[in-house]
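**Q** So the sequences go chain by chain: A and B. Heads up: the first sequence begins at 1 in the UniProt record's numbering, then just goes up one per residue. Heads up: the second sequence begins at 1 in the UniProt record's numbering, then just goes up one per residue.
In short, the hints are calculated from the structure, not lab data. Any given hint could turn out to be false.
Which chain B residues face chain A? A few, computed with CB under 8 Å, are given here [stated by the list, open to error]: (1) T46; (2) P65; (3) S68; (4) T77; (5) D80; (6) K81; (7) R127.
Derived PhoX-like pairs: lysine-lysine, alpha-carbon spacing no greater than 25 Å straight-line [unchecked claim]: (8) B:K40 - A:K173; (9) A:K173 - B:K128; (10) A:K126 - A:K75.
Think of the CB as a built atom: it goes at the ideal place given N, C-alpha and C, for glycine as much as any other residue.
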Amino acid sequence: LQNFWTFWVTSPPGKPKLTSCRSPEKETFTCWWEPGSDGGLPTTYALYYRKENSDAVYECPDYHTAGENSCFFNKNDTSIWVNYNITVVATNALGSNFSDPVDVDVVYIVQPHTPENVTVTVMEDKDGPFLRVSWEPPRKADTRSGWITLIYELRVKLEGEEEWEEHRAGQQKMFNIFSLRSGGMYLVQVRCKPDHGFWSEWSSTTYIKVPDYFPRETSVWILIAVFSAFIFFILTWILNLKSNSVKHCLLPPVPGPKIKGFDKQLLKNGRSEEVFSALVVPGFPPTTSSDCEDLLVEYLEVYTPEEQELILEEGKDLQEGCLKSKGSPSDSDSGRGSCDSHTLLMEKCGEGEGKEEKHQERAQKGKRQQKHQTGWEEGDVSHTREDVLSPDMSEGRVKTWPSVFSPLPQYSSRPLDHQGSLETARQLCLSDSLFPPPSTSSHLSYNAKEGLALGSGQQEFYLGKKQTHPSNPQSQPRWHLQAHSDFNISSMDRKQAASGLQLPGFRSTEYVEVQRVNQEDMVILQPLFSSSCQRDGHLQIGQGEDYSKVKGVDSGNMLLLQREVEVKREEEDGDRYSCDIQDRVTESCYTTSTAASSQVTGKPTSCAGTAMPVQEEMVLAANGYVDAATMLL
Amino acid sequence: MAHRGSQATTLYLTALYMLVSCTAVPVNDLLDRASQRSDKLHSLSTSLTHELDSHFPPIGRMIMPRPSMCHTSSLQTPTDKEQALRVSESDLLSLARSLLQAWVDPLLLLSSSANSLPHPAHNSIYRKIQELQEYSKSLGDGLDILSGKMGPSSQYISLLPFRGSNDIGQDKTSRLVNFQFLLSCFRRDSHKIDSFLKVLRCRAAKMRPEMC
Numbered sequence: 001l002q003n004f005w006t007f008w009v010t011s012p013p014g015k016p017k018l019t020s021c022r023s024p025e026k027e028t029f030t031c032w033w034e035p036g037s038d039g040g041l042p043t044t045y046a047l048y049y050r051k052e053n054s055d056a057v058y059e060c061p062d063y064h065t066a067g068e069n070s071c072f073f074n075k076n077d078t079s080i081w082v083n084y085n086i087t088v089v090a091t092n093a094l095g096s097n098f099s100d101p102v103d104v105d106v107v108y109i110v111q112p113h114t115p116e117n118v119t120v121t122v123m124e125d126k127d128g129p130f131l132r133v134s135w136e137p138p139r140k141a142d143t144r145s146g147w148i149t150l151i152y153e154l155r156v157k158l159e160g161e162e163e164w165e166e167h168r169a170g171q172q173k174m175f176n177i178f179s180l181r182s183g184g185m186y187l188v189q190v191r192c193k194p195d196h197g198f199w200s201e202w203s204s205t206t207y208i209k210v211p212d213y214f215p216r217e218t219s220v221w222i223l224i225a226v227f228s229a230f231i232f233f234i235l236t237w238i239l240n241l242k243s244n245s246v247k248h249c250l251l252p253p254v255p256g257p258k259i260k261g262f263d264k265q266l267l268k269n270g271r272s273e274e275v276f277s278a279l280v281v282p283g284f285p286p287t288t289s290s291d292c293e294d295l296l297v298e299y300l301e302v303y304t305p306e307e308q309e310l311i312l313e314e315g316k317d318l319q320e321g322c323l324k325s326k327g328s329p330s331d332s333d334s335g336r337g338s339c340d341s342h343t344l345l346m347e348k349c350g351e352g353e354g355k356e357e358k359h360q361e362r363a364q365k366g367k368r369q370q371k372h373q374t375g376w377e378e379g380d381v382s383h384t385r386e387d388v389l390s391p392d393m394s395e396g397r398v399k400t401w402p403s404v405f406s407p408l409p410q411y412s413s414r415p416l417d418h419q420g421s422l423e424t425a426r427q428l429c430l431s432d433s434l435f436p437p438p439s440t441s442s443h444l445s446y447n448a449k450e451g452l453a454l455g456s457g458q459q460e461f462y463l464g465k466k467q468t469h470p471s472n473p474q475s476q477p478r479w480h481l482q483a484h485s486d487f488n489i490s491s492m493d494r495k496q497a498a499s500g501l502q503l504p505g506f507r508s509t510e511y512v513e514v515q516r517v518n519q520e521d522m523v524i525l526q527p528l529f530s531s532s533c534q535r536d537g538h539l540q541i542g543q544g545e546d547y548s549k550v551k552g553v554d555s556g557n558m559l560l561l562q563r564e565v566e567v568k569r570e571e572e573d574g575d576r577y578s579c580d581i582q583d584r585v586t587e588s589c590y591t592t593s594t595a596a597s598s599q600v601t602g603k604p605t606s607c608a609g610t611a612m613p614v615q616e617e618m619v620l621a622a623n624g625y626v627d628a629a630t631m632l633l
Numbered sequence: 001m002a003h004r005g006s007q008a009t010t011l012y013l014t015a016l017y018m019l020v021s022c023t024a025v026p027v028n029d030l031l032d033r034a035s036q037r038s039d040k041l042h043s044l045s046t047s048l049t050h051e052l053d054s055h056f057p058p059i060g061r062m063i064m065p066r067p068s069m070c071h072t073s074s075l076q077t078p079t080d081k082e083q084a085l086r087v088s089e090s091d092l093l094s095l096a097r098s099l100l101q102a103w104v105d106p107l108l109l110l111s112s113s114a115n116s117l118p119h120p121a122h123n124s125i126y127r128k129i130q131e132l133q134e135y136s137k138s139l140g141d142g143l144d145i146l147s148g149k150m151g152p153s154s155q156y157i158s159l160l161p162f163r164g165s166n167d168i169g170q171d172k173t174s175r176l177v178n179f180q181f182l183l184s185c186f187r188r189d190s191h192k193i194d195s196f197l198k199v200l201r202c203r204a205a206k207m208r209p210e211m212c
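Using the sequences and the hints given, assemble the complete structure.
**A** Structure (structure tokens):
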């Protein structure tokens, strides 16, 4: 719509402008211009060109083929490697206007058409489907002769996506696209470019649908996942079954305190005093004598007949002998028997290795016994018993050791204390009635060779009762001394001296008289030769003499042991022994315990029945050792 | 007669191709390599002219000499496709070699004056000119080998002397203008070389039609 003023104002046309010139195949080209204002008047445009070599100006041969405001140069008018100088002129009634000249060389302005016949097909191979894109060069481009060399490019995208995926295809006219999404719709476009030129436009979109397929990779992964899950479940199940052993293996149980009476809660509370006090169990350590006896191997058991307390000890070959008291502790024979018994002992014991020693010993013993006896009589052994007895032990046991066998030399070496042996053996009878305990008996076997020796058996002095009032001989029987010993008197036949002949049958009671107590608190026992006439029991001679019959305890805390010689047969020669001898070597045997020693007796008091050194040949019947250590008076 | 003549031509061409193909390196392969080098040559020259044009004084375009003023313009080359396709391979090769040979000296001049060129990108220009020289040299060697395989007529090289002085100019503008003018001439000639070789390549690749 032209207004009033435009009608009246006209001007020459504006300056046109050549926009671009293009050649699609390097054979023709087209130039386009842009007209300027027309100045209100109809304006015509003309294009003029000039080739570089000549000055001739030519006008555009074709204004229409290429459309409006264009100029098309056909093959005849197109020269390559020649510069065109092109100008557009706009002309109207008032004037004309030239555009700026443009220099164009056709070979530099090549822009082909789009590739043609773009075909996309879905192909299959072992890895899955893929797209095969193929095309043809633009129709007019002569690539066959090599006049134009084109390189191609294509782009692909899934339907709905924003970004294209571009691929350079080079000079080939075919391209494969892999890694497709199953069931996806793809868009494909292709374009081309000459080696030295401009890119063509993208071809029209080609749609292609990828069929649904199951990717092989996924199936493999699914298989692996299933397999792994299966393995995992199996392992879990096994682990569940063996959870205990696995727990044991991985987390071994921490050993906890297994102390009886240990309270973990108290420990957690952190008070150690309570914890430890709880551990103190009454009764530990054991202070009772229940197991005390087990600690000692052997013991000498002596018990008083009055109390009728039979202390049975289980020695190995203990033969409990019941020492029968001869009667009242006071015996007229107490003093005398020692000398005679010595003689008797010497006769019976026979030879011994330590004969000479025995002689000496016996001589010494004889002296000592005498001394001791006096001492006894004087009653200066008051301190014996009480000290020995431990207050807390109701029964004391005197145990003898098998090592007592060699007391004989010891005797000689040790000087006797005043409380020691008696010169005269006394018969100690602790109890009037002695019951042969069925327990074992100890052997007091003397070896003819060795002289007085204890047998393998044990002698156990079992001391009963605590109360021992030395002044009261009557009360003495309360404690029992039961000495069992098997005396093997092989004086008759010395051959059998080594072997301790057991006293046949009557093993229960043996009689031993305590000859003395040596310095080391050893009660020396002597076989007691009691007057068989007084006894009803059998007297056995020859096979051993039974002694260790505790007659009693006299006032001086003297253990009165009585030895009885039993006669097997009356017709034997032993009869004369029995009645005549009446050796009773009574000896007070007590365990001396000095005040210093806290124990009952520091050492076992061995009472060895030393043979009375009456004759050399006498063999001490028995050596009884009283283990004063355990003898509690 | 014509039939026989065509037969003879076919025989001749076949024999020629067989001869050519019996070489250690097949001709089409050589041509392929040559084409690649010429392509690179032209690309370099094009980028050089664009780079120089970025800071080119407008007045310089006004006083730019016409392309017919190039020292190689006397060489007759095809001006359209029909003409080009009618040229024999030897001639095409000869033309290519002639053009290439004509630019050995000017490239030296350009290389020597690039550093002092009053242009901000003269360093880059200098490096590219160096590359131009390298590619030109190797292309020339390859074409020499090719010419030995392609017949005696390819051995003919037209001399195109460079009459330009050793100096591209005194003032800044004239130097730039002269530099740009030389580069433009080289750009065209490199395009010609490239085109000729690519035509030759397609002609020699009859066994591989997919290339062309």
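**Q** Should the interface hint for T46 of chain B be scored as holding, given a Cβ-Cβ cut-off of 8 Å against chain A?
**A** Nearest chain A Cβ about 7 Å off; hint holds.
**Q** Less than 8 Å between beta-carbons is the criterion; does R127 of chain B satisfy it with respect to chain A?
**A** violated, 21 Å
**Q** So if I understand the rule, the pair passes when the alpha-carbon distance is 25 Å or less; does K173 of chain A with K128 of chain B pass?
**A** Given that 25 Å is the threshold and the Cα spacing comes to 33 Å, the pair is violated.
**Q** Would you mind confirming whether the straight-line C-alpha gap from K40 of chain B to K173 of chain A stays at or under 25 Å?
**A** Measuring from Cα to Cα gives roughly 23 Å; hence the hint holds.
**Q** For the restraint on S68 of chain B, tell me whether the closest CB of chain A is nearer than 8 Å.
**A** holds, 5 Å
**Q** Go through the hint on D80 of chain B and say holds or violated, using the shortest Cβ distance to chain A against 8 Å.
**A** holds, 6 Å
**Q** Return the status of the interface hint for K81 of chain B: holds when the least beta-carbon distance to chain A is below 8 Å, violated otherwise.
**A** With a minimum Cβ separation of about 5 Å from chain A (threshold 8 Å), the hint on K81 of chain B holds.
**Q** Is the hint on T77 of chain B kept, meaning its closest Cβ partner in chain A is under 8 Å away?
**A** holds, 6 Å
**Q** For the hint on P65 of chain B, just tell me whether its beta-carbon gets within less than 8 Å of chain A.
**A** violated, 11 Å
**Q** For K126 of chain A and K75 of chain A, compute the direct alpha-carbon distance and say whether it is at most 25 Å.
**A** Violated, because 51 Å separates the two Cα atoms, which is more than 25 Å.
In summary, the numbered hints that this structure violates are 2, 7, 9 and 10.
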